[in-house]
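Chemist: Assemble the whole structure, with the sequences as input and the hints as a guide.
Spelled out, the chains give:
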Amino acid sequence: QPLSPGLAGERLCSTEEATSGSGTYTRHGFIYSSLAGCLERRSEDSGLPVVSVVRDSESQLLPNVGAVVTCKVCSINSRFAKVHILYVGSTPLKSTFRGTIRREDIRATEKDKVEVYKSFRPSDIVLAKVISLGDAQSNYLLSTAENELGVVVARSEAGVQMVPISWCEMQCPRTHTKEFRKVARVQPQFLQT
Amino acid sequence: AAPAGPLLCGPGLRRSEAGLLVTKCGLLRHRPGGGGAFWVDSQQKRYVPAKGDHVIGIVTAKAGDVFKLDVGGSDAASLSYLAFEGATKRNRPNVQVGDLIYGQLLVANKDMEPEMVCIDSSGKSSGMGIIGPDGFLFKVSLGLIRKLLAPKCEIIQELSQLYPFELVLGMNGRIWVKAKTVQQTLIIVNILEASEYMTAEQRKQAFAKVSG
Numbered sequence: 001q002p003l004s005p006g007l008a009g010e011r012l013c014s015t016e017e018a019t020s021g022s023g024t025y026t027r028h029g030f031i032y033s034s035l036a037g038c039l040e041r042r043s044e045d046s047g048l049p050v051v052s053v054v055r056d057s058e059s060q061l062l063p064n065v066g067a068v069v070t071c072k073v074c075s076i077n078s079r080f081a082k083v084h085i086l087y088v089g090s091t092p093l094k095s096t097f098r099g100t101i102r103r104e105d106i107r108a109t110e111k112d113k114v115e116v117y118k119s120f121r122p123s124d125i126v127l128a129k130v131i132s133l134g135d136a137q138s139n140y141l142l143s144t145a146e147n148e149l150g151v152v153v154a155r156s157e158a159g160v161q162m163v164p165i166s167w168c169e170m171q172c173p174r175t176h177t178k179e180f181r182k183v184a185r186v187q188p189q190f191l192q193t
Numbered sequence: 001a002a003p004a005g006p007l008l009c010g011p012g013l014r015r016s017e018a019g020l021l022v023t024k025c026g027l028l029r030h031r032p033g034g035g036g037a038f039w040v041d042s043q044q045k046r047y048v049p050a051k052g053d054h055v056i057g058i059v060t061a062k063a064g065d066v067f068k069l070d071v072g073g074s075d076a077a078s079l080s081y082l083a084f085e086g087a088t089k090r091n092r093p094n095v096q097v098g099d100l101i102y103g104q105l106l107v108a109n110k111d112m113e114p115e116m117v118c119i120d121s122s123g124k125s126s127g128m129g130i131i132g133p134d135g136f137l138f139k140v141s142l143g144l145i146r147k148l149l150a151p152k153c154e155i156i157q158e159l160s161q162l163y164p165f166e167l168v169l170g171m172n173g174r175i176w177v178k179a180k181t182v183q184q185t186l187i188i189v190n191i192l193e194a195s196e197y198m199t200a201e202q203r204k205q206a207f208a209k210v211s212g
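Line by line, the protein sequences give chains Z and S.
Under full-length UniProt numbering, the first residue of the first sequence is numbered 1, with each subsequent residue one higher.
Under full-length UniProt numbering, the first residue of the second sequence is numbered 1, with each subsequent residue one higher.
Treat the hints loosely; a few may be bogus.
No farther apart than 25 angstroms at their CA atoms in a straight line, the calculated lysine-lysine pairs in the DSS-like style are these [unchecked claim]:
1) S:LYS110 to Z:LYS178
2) Z:LYS82 to Z:LYS118
3) S:LYS51 to Z:LYS178
4) Z:LYS118 to S:LYS68
5) Z:LYS113 to S:LYS51
6) Z:LYS118 to S:LYS110
7) Z:LYS111 to S:LYS51
8) S:LYS139 to S:LYS152
9) S:LYS110 to Z:LYS82
10) Z:LYS82 to Z:LYS178
Just so you know, these hints were derived from the structure itself, not from any lab.
Modeler: Shown next, in the form of structure tokens:
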């Protein structure tokens, strides 16, 4: 399909000639592009051709509501934990997004007895689910309130990777000290030995 | 006789696969009671916030419902205005920027900012709260504070023979003193600061010179 460069906000055509695809939106009966990129026109067998605007050869995968993401904890607070979202599903992101896990979204049961310090620490790798995209200023809101979500990789105070021993504790193999985390019960098919 | 019970590894020591590693320089001490305990007695002036410590904080800012206090650590500690005895949403404590507060650290670890409270677990203040007007605040090493807080400390007993005074000791190395006159306060401050390096005889000579 021929690709021609276009500007964001450019009016492409009317809705009678084509339907809007990704990177476009309809307003007042016309199709406008919402990205600066290459115009792509694809003809569908049933109905009108689909017009879409593509920015890079591969489009950035954005986390949707309900997607399971892999993130790294960067700072904790008594009310929430701030994370960097690294992977959406199994595809790595080119630039990290920022997310927040609130104290009441860490666990499904006994939400008021949760202590953020006993669930996450900075530099833990956490599996979480997106519950809200947030406003313009705020970050993605994430939740770990399921058995399969939570901390997967954590380092102890001695710097060694810890081994999970229960849903709320991990143990360091070198110093044998136990630390509290909200541990994820990872499905066996995802574990690599 | 073999010790009964687990061996306690105290401050300044860290356990590793090769055995115990020393992480601070100082004197190695041993207590044979129970299973035995080893720790390192070191000189330190910089305070690292630890949970349960009673500290003296200086109010630096008021942010909404929370006061920010300087306790000498890397982060400012936060103190909620409801954490005073008899404080409600209507009845706020009268705390200004620059006031001194004696409180207990509720949360203190290396990943979060420390949190202070001025009530204990039953809701009583038990001596904590805003430290009254006047007086003198100064900083000493942490080892001297631990020595002064030991039961039946000789320095405090000898000082109390001199003049009556009020004393607050914070585990973050801060001491607040108030006596009847400014001159008496300064004498007590100088004796406390110097008692870190004085022997018992030198201290008795200093007391004799002051009271005589």
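Chemist: Taking the hints in turn, state whether each one holds.
Modeler: Going down the list of hints, with the structure as the test:
Straight-line distance between C-alpha atoms of S:LYS110 and Z:LYS178 comes to about 17 angstroms, which keeps the hinted pair within the 25 angstroms bound. For the given pair, Z:LYS82 sits about 15 angstroms from Z:LYS118 by alpha-carbon distance, which is consistent with the 25 angstroms threshold. Our distance criterion of 25 angstroms between C-alpha atoms is met by S:LYS51 and Z:LYS178, whose separation comes to about 18 angstroms. The straight-line distance between the Cα atoms of Z:LYS118 and S:LYS68 is roughly 24 angstroms, inside the 25 angstroms bound, and the hint therefore holds.
For the suggested pair Z:LYS113 and S:LYS51, the alpha carbons sit about 19 angstroms apart, so the restraint of at most 25 angstroms is met. Only pairs whose Cα atoms come within 25 angstroms are accepted, and Z:LYS118 paired with S:LYS110 is accepted, the gap being roughly 13 angstroms. Taken as a hint, the Z:LYS111 and S:LYS51 pair is honoured in the structure, with Cα atoms around 23 angstroms apart against an allowance of 25 angstroms. Restraint check: the Cα-Cα separation between S:LYS139 and S:LYS152 comes to about 22 angstroms, which is no more than 25 angstroms; the hinted pair holds.
Restraint check for S:LYS110 and Z:LYS82: the C-alpha separation of about 16 angstroms stays at or below 25 angstroms, so the hint holds. A hinted pair counts as satisfied when its Cα atoms are at most 25 angstroms apart, and Z:LYS82 with Z:LYS178 qualifies at roughly 24 angstroms.
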